[in-house]
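**Q** Read in order, the letters of the sequence shown correspond to residues 1025 to 1079 in this note's numbering.
Honestly, I wouldn't trust all of these hints.
Label-pair distances were calculated between CB atoms; the ranges are [said to hold, decoys possible]:
1) D1075 <-> D1055: 27 to 33 angstroms
2) A1044 <-> L1078: 24 to 30 angstroms
3) G1045 <-> D1075: 29 to 35 angstroms
Mimicking SDA-like on lysine to any residue, the simulated pairs with C-alpha atoms at most 25 angstroms apart in a straight line are [claimed, not checked]:
4) K1030 <-> D1075
5) K1059 <-> R1049
6) K1035 <-> I1053
7) K1065 <-> S1027
8) K1065 <-> A1047
9) K1056 <-> M1025
10) K1035 <-> L1064
11) K1059 <-> A1036
12) K1030 <-> L1078
13) K1059 <-> D1043
Since the hints were derived computationally from the structure, they do not count as laboratory data.
Using N, Cα and C, we set each Cβ at its ideal position, and we do this for glycine too.
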Amino acid sequence: MISDNKHEISKAYQVLLDDAGVACRGVFIIDKEGKIRSELKNDLPLGRNVDEVLR
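Can you build the whole structure from these sequences, using the hints too?
**A** The structure is reproduced here in structure tokens:
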């Protein structure tokens, strides 16, 4: 979990909703080399499913 008060990370991962000034919910699994292996983005009204991420 990361705090992103300046929206730098959310902009870099393209999850920032500019008009709302917040980021949509996202989970990124990154390997040791820094490559994104999995990406899951959810719109704000949608819930998250931790079991699905861990699967």
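**Q** Check each numbered hint against the structure and report the violated ones by number, ascending.
**A** 1, 4, 12, 13
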